[in-house]
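Visitor: Residues per chain are reported as follows:
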Amino acid sequence: MTNPILVDYLRWIVLAPLLGAAINGLAGAWLQKRVGRHAVTAVALLPIGIAFALAVKGFLQLLSIEPEQRFLLDSVSKWMHIGHLKVDMAFWLDPLSSMMTLVITGIGGLIHLYSVGYMSEEPSYWRYFTYLNLFTAAMLTLVLGDSLLTMFVGWEGVGLCSYALIGFWHREWANASAGSKAFITNRVGDFGFVLGMFGLFWALDRTGQGTVVFRELAQRVHLLDGQTIAGLAAATFVTLMMFVGATGKSAQIPLYVWLPDAMAGPTPVSALIHAATMVTAGVYMICRLNFLFDMAPTTLHVVAAIGTLTAFFAATIGVAQWDIKKVLAYSTVSQLGFMFIAMGVGAYTTGVFHLFTHAFFKACLFLGSGSVIHALHHEQDMRHMGGLKKYMPITFWTFLLSTLALCGIPPFAGFFSKDEILWKAFSSPLGSPVLWAIGTLTAGFTAFYMFRQVFLVFYGEYRGSPGGHGHGHDDHGDDHGHATTAHDDGHGHGGHHGDPHESPALMTIPLVILALGAVLTGFLNVPGALGGHHVFDQWLAPVIAKAAHGEGHGAHGAPAAVARGHGVEAAVEHEAKVLEHDLETVEHDVEDATWEYLLMAVSVTVAFGGILLAWLMYRRKSLDPSTFSEAWSGGPYRAVYNKYWIDELYDATVIRGTLALSNLLATFDRVVVDGIVNGAGWVVRQVSALEGAFDRGVVDGLVNLVGSTSLALGNRARALQTGHIYSYLYAIVIGVVVVMFARLL
Amino acid sequence: MPTNPLTWMIFLPLLGAAVILCLPRDNHSLVKWTALAFTIPALLLAIAIYQGFDRTTAQMQYVTKIPWIPSFNIEYFVGIDGLSVTMVLLTALIAPICVLASWEIDKAPKAYFALFLVLIAAMMGVFCALDFFLFFVFWEVMLLPMYFLIGIWGGPRREYAAIKFFLYTMVGSVLMLIAMLALYFHNDPHTFDLLKLAEARSTYSSTFQSLAWLALFVGFAIKIPAFPFHTWLPDAHVEAPTAISVILAGVLLKMGTYGILRVNFPILPEGTLRYAFWLLAALGTWNIVYGALCAMAQKDLKKLIAYSSISHMGYVMFGMASLTAEGIDGAVLQMFNHGTVTAMLFLLVGVIYDRAHHRNIDGFGGLASIMPVYTAWVALAFFAAMGLPGLSAFISEVLVLLGGWRNYPGLTAVAASAVVLTAGYMLWAMQRVYLGKPNEKYLSLPDINRREIATLVPLGIIVIVLGVYPHAILDLIDTSLQHLNGTVLAAGKAAGAVASAASGVAAH
Amino acid sequence: MIYAALFYAIALFTVAGAFGVAFSENVVYSAFSLMATLLGAAGLYVFLGADFLAAVQLLVYVGGILVLTLFAIMLTHQISDVEVSNRAVGRWPALGLVGFVGIAMATALVRAPWKVSGEVVAKAAGEGTTYGIGDAFLGPFLLPFELASIVLLTALVGAIVLSRKEIRD
Amino acid sequence: MEIGLNHYLVVGLLVFLAGVFTVLTRRNAIGVLMGVELVLNSANINYIAFSRFGTGGLEGQIFSIFVIMLAAAEAAIGLAIVLGIYRKFQTIDVEEVDSLRG
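Protein chains in written order, with numbering that gives the first Met the number 0: chain E, 0 to 744; chain B, 0 to 507; chain P, 0 to 168; chain Y, 0 to 101.
Be aware that a few hints might be false.
[Stated by the list, open to error] Dumping the calculated SDA-like pairs for lysine to any residue here, alpha-carbon to alpha-carbon at most 25 Å: (1) 114(P) - 52(Y); (2) 106(B) - 151(B); (3) 195(B) - 177(B); (4) 440(B) - 173(E); (5) 298(B) - 253(E); (6) 114(P) - 5(Y); (7) 106(B) - 437(B); (8) 298(B) - 660(E); (9) 32(E) - 437(B); (10) 114(P) - 38(Y); (11) 106(B) - 159(B); (12) 85(E) - 177(B); (13) 492(B) - 272(B); (14) 87(Y) - 155(P).
Rather than coming from a laboratory, the hints here were simulated on the basis of the structure. A quick note: this is a predicted structure, and the numbers were derived from the prediction, not measured.
Starting from the given sequences, assemble the full structure and let the hints guide the process.
Guide: Structure below.
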C-alpha cells in the first residue's frame, strides 16, 4: 500500500463516460434529429466500452503484481490544497475498486445495451443516455476516488443522476416527487457523511496528521485512539456518521423510504442504479474504510442491527406488494440489509461478495421485469399478468434462474454469498445466533415473495386484457408513473395489441449474460467447507486490514499492527501474519464445518419452504392467501401492505415539522423582524409629521410669501411679451436711440 | 495617463457614464452599446490582472498613492491583495453581463445605464480603496445610483424598497463613519491609511477595539445582510429589475463581508477574536439555517432566491469566523462563488419574469416541457446553489464547514444540516415550477434566447471550472488570507500573553 | 465734375430705391426698389475703387438674395392679393423714432473727427482689388474665411431642413 | 466740392434710416427682411468708404464680403423660416403670428 504504481489511464475510465455525457448533453438533441438515434447510441455506448476495456486492463495489471503491491494510482491534478487539507483529483485502483469498476462498466454496459432496445421509442432518447453516462462517470468517481472528498463527488453525483433518472418522465408529478424524495433523503445521509469526514480530519489533525486520503488514513487511523468527539470515541463517532451516509445511499432503515418510490424511473435505471451499483455505495464505503470500522465495535453492532432489521422488514413488505418492480425494490432493500449484516459482523469481503453476485441476479431480475413491462406496454401490476412463460421464454428462464440465485438455492450464486453471510453472522465474534435466525427467516420470506412473483407473472392464465394492455392505468395510477403522453404515440400501432411478445435481441442478450452470471459467479468464492478456496476473498485480502477469515482476531489487532509499523517491512511482516492466520483459520473452518453444513441445510430448507408456500398459494391455489392476510383481523397484513406507515410517519413529523417551522420563521421574518423595522420607520414618520406641521405653518409661510409675490409681479410683467416681432424691434430701436443720446448729450 | 489598471477600472465606467449622458436620448441601441463598450475594458484589465497577479506575496499590488486632501492626510490610495483581487474580478465580470441583461430596458435607458456605470465605478472603488476615507466615499457613492435604479426601474413597490434599502445602509454608514473617525483621531499623525491603521493595531485599547469593532460590524452586517438586518434584501430584490438584482446579490452583498475582512480583521484583531463566536460563527450559522427555512416558505421565486442569498452569505461569515486556513479561504471563495451562482439564479428568474410577468412559484408548472434549454440552465444553477460536488459552491461550502468544525463542531453540525434544507427548498421549487404537467397558460412561451444564454455561459463555465479546479481562485487568495489569519491569531496570542502575564503579576 | 454728377445720380438712385422699399404699397414693388438700391450700392462701390466687391454685390445680392426674396413672395402670396400685400402700420411713430435716430447719427457724423489719410493708395491700372482680397483671404483672414464657409454650410443645411414639407409640430 | 467721405456716409445714413423704418413699419415678414438687407447694405457702404478714405487698405472690403456672406445666409434662413411660418399659420403677417405672447 505504500508504493503505488503510477499510471495515467485510470482517469479515462471516468472521463470517457463523462465525455459521452457531455457530447450527448450538448449536442444530443441535434444528433438525434439530424443524424438519428444510432449516433446517440454510439456516443453513449462507445465510452462505456472504453471504460470497460480500461477496467479490464487495470484488472490484468493488478493480477500481474504481487498481492500486497496491488495498487495503481493516477493523479490528475491538485484539487484542494489549503492549510492542512491536501486533496488531489486522483484515481486509484486496488483489488476492491477494480472489482467495483468491472461490475459498473460490465453490468453497466449490458444495461446500456438493453436500454437501446427498451428506450427505442422514447422521444428524449438522447437525454436518457446523457444521464446514464453521467451516472456511470459519477459512480466510477465514487469507486475510483482516492480520498473521502473525491469519493463524495461521486457519492453526490450518483444522487444527482438518480434524481434526474427517477424523474426522467417529469411530466408526471409523482415521478418528479419521487426524484426529489430520493435526492433529499440522500442528502440527509450526506449530511452525516460530511460530518464524519470533518470529524475524522480534525481528529487526525490534532496530532498533526490530518488527511482524508484513503491510503494515508489506513496508516494514520491508529492516531484516533484515545480521542473523543461529542462524548464518543472518535472512531465510533466518525463511523456512525459515515454509516448515516451509508443508510441514505444504500436505503437502510431509517432512510430506505426513497428506494421503492425510485421505481418511477425507467426500468433499466432501476436495474443499474437502484439494484446493481449506486445503492451498494454504502457497502463499498464501509468496506473501503474497514480499518476504521474495525476500531469501532459499537458502530459495527449498530450496522449489523440495522442491516438485520432492514433485511427483515423490507422482506415482509415485499410479500404484500402487487407492483412487479416494487417487489424487486423491497427485495433490493432487504438484500442490502444482508450486506450490512456482513459488514456489521466484520465479514467485509463476504458482504462485498454478496454485493457482487447480487449485482448480477438483481440486475437480471429488473431487466427481466423491464422486458415484461415492455411487452405489456407499461403494465406493472402483477394481478394483470400471468402465463407469460409461453410468450416470453427467454425472459422467463433468465428470470427464473436469477430468482433461484436470489433465493439462495444451491448451486446458484446467491447461495454461496448469502449462506456465507449467514454463516459469518453466526460464527463471527461480532455476530450472534439471533442475527442468523432473523437472516434465515428473511431468506424464507425472500424465497416466498420471489416465487409468488414468478407464479403470478409467468404461470397460470394471462389476466391482462388482450386488446389494450395499457388500460389498467387508472386502478393504480401512482404505482407506475410512466408518462403516458410520451408513450402513447410509440404504442399506438396495431401490431402491438395482440398477445404479449418476446423482447428484441438487444434486450434478451443482456438478460442471458446476466443470468449466466447469476448462475456462475458464486463459484468464485466457494467456502472451504465445500472444498473451495475463497478466491474472491483472497483477491480482496490486501484491502482488508484484518485478515479475511479473522474470526479469531480481536477487533483491534491487525490495523494497529499495520499502522504502527510505518513501513514496508512491517507490512510484509503483517502479510506474513495474515497468511499464518489464514492457515489457522482453514483448520478452524474444518472444525466448524459440521456446524456450517448444518446451518446451510437449515437455510436451504427454509428457502424451499418459502417456495413451497408460494407454490401452494399461487400455483396450486390450495391455500388461500387471504387466510394470512385476514389473520388477526388483517392488522399485520395492512401494516405490511402500507409499508408500516413509515412514509406517512415521516410526512407527519419530519416534513410537516420542517415546513411548519419554515412557515413560522417566514412569518416571524415578515411580521416581527420587518415589523420592527417598519415600526421604527413609522415612529420616525410621526415625528417628522409633527415637525412638518410646524414647517408648513411658520417656515413655509415665509417661503410662500416670497413665492406669491414673485408670481404676482410676474403676471404683470407677462404683458410685456406681446409675441409681436415689431414690438421687440421697437424696443431695440428705442434702446439704441436712448444709448446714443445718452452718449451724445 | 495613469498606468495603474485599477485606476482605469474605477474611472472608465465613470467616463462611460459621462459619455452616455451626451448621447441622444432616443437612440437606445447606441446607449446600450456604449455602456457595454465601457464595461469590456475593465473585464480585459481584470483578466490581465489575473494573469499578472503575484500569488506568492501578501503585500498590496498595483498600488497608487496620490495625496488627495493633504490637509486631512487623505490620499487617493488604491491597491489590491489576494482578498480584493477576487472581488475586483467578480465586479469586472458581472458588469458586462448586467449590461447584457438590461438590454430590454425601455424606460429612459440613457439614465439607467449612466447610473449603472456610476454604480460599477463605486463598487470597484470600494474593493480597491486602501484609504478608509476613499473607501467610505465610494461606499456612499454606490448608494445613490442603487437608490434610483431600484426606485425608478423597479417593480410595483419600488419606492418602498428603495427607501428601505437607502435608510438601512445609511444607518450602517453612520456607525461606520463614527468608527472611522475614531480610528483617524486615535492615530498620531492622523491617518485614514488602512495599512497604517492596521500596523498600529497593538495601540488600540481593549474597550476601543470592542466598540469600534461593533460599530463597523453593524455597518457591514447590514450589507451582508446578517440577521436581523436582512429584511431590506428580499424587498429590494423583489422590486429591483433583473440586472440590478444580479449586481445586488452578485457583488454588493460581498461588500459587507469584504469590509469585515479588510477592516475589522487586520485593524481590530482582538475585537475579532472576542466576537468571532457569537457575532460571526453563531450568527452566520443562524443566517444559514434561518435563510434556508425562510426560503422554503416563499411563494415568490425571486424572494426564495433572495433568502437563499442570506443563507449562503451565512457560510461566508461562518468561514471567516473559523480562523482556520480552510475556513477563511473557503469564505472568500464562497464570496466569489455565490457571486457567480446567484447571478445565474437571478438572470434565470429574470428570463421567466420577462415572459410570464409574474414569479409566483405555484403559478407555473411543467416549464421543463415548454422551455427545455432554459430548464437545463436552471438545473445547473440550482444544483450549483445546492453545493453539488463538481460545481464551484461545493468546494467553498466544504472548505467553510471543514474549517468551522475545528473550533465550532456543534455549530458546524447545525450549519451542515442546511445541505438538506437547501436541497429541500431548491428541489421543491424546481419541481413546482419546472416539472409536472405543463401549464396550459404558458404553452407558447419561447425558450431562452441567444442574448440570455450569452449572459449565462461565462458564469456557467466558471461554475464548472472552479468546481474541478478551485485553485484557479484559491491560489490567488491563499497567501494573503493566511497572512491575515496569522495576524489575527498572533494578536490573540499576544493578548493572551499579556493577560496571563497580568494574572501572573496579580497572583504574586 | 462728371465724376461728381455721376456720383450724385447714383447716390440718388440708391437712396430713392431705399425709400421705395420703405414706402411701397406692394411687396413686389418693394422688391424691385430693393434691386435699385443694391444696384446703386454696387455703383458706389465702383466709385470707391472696390471693383471686386461691386461684382460680388451684383452676383450675390441681385442675382441671389433678390431672386430668393421674389421666390418667397410668390410662394407665400396668391397673385390676386398682390395689391394689398404690403401692409404697413404705425408709420408716424416709426417716422418719429427714425427721425431721432437720424438726428443722432447725423450729429455724430458731423461731430466725429474722421481720420482721413491724405493720399489715396494708388493702384496699378487694371489690376483691381481681386488679387489683394484673394491674398488676404488665404493669408491673415484664413480662419474667418474657413469659418464663413462653415456658417454657409450650416445655413444651407438649416434652410433645407426648415423648408422641408413635413415639419413636425 | 470734392466727393469725400461724408458724401458716402450720408448715403449710408439715409439707406440705414430707410431700412430701420421698413423694419419697424412692415407687417409683412418678407418686407421686414428687406429692411434688414437695407441696413446691411448701408453698413457695407460705410465700411468701404472708411476703408477707401481712411487707410486705403483692403480690410473694409474684406469685412464687407463677410457681411454679404452673412446676409446671404441670413436671407436663406430667414426666408426658409418665413416659408415655415406660412405653412403653419397660412399667413406671413407678423401681427398675427404671436404664439410667444406672454
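Visitor: Which hints from the list above does the structure break, by number from lowest to highest?
Guide: Checked against the structure, the hints that fail are numbers 5, 7, 12, while the rest are satisfied.
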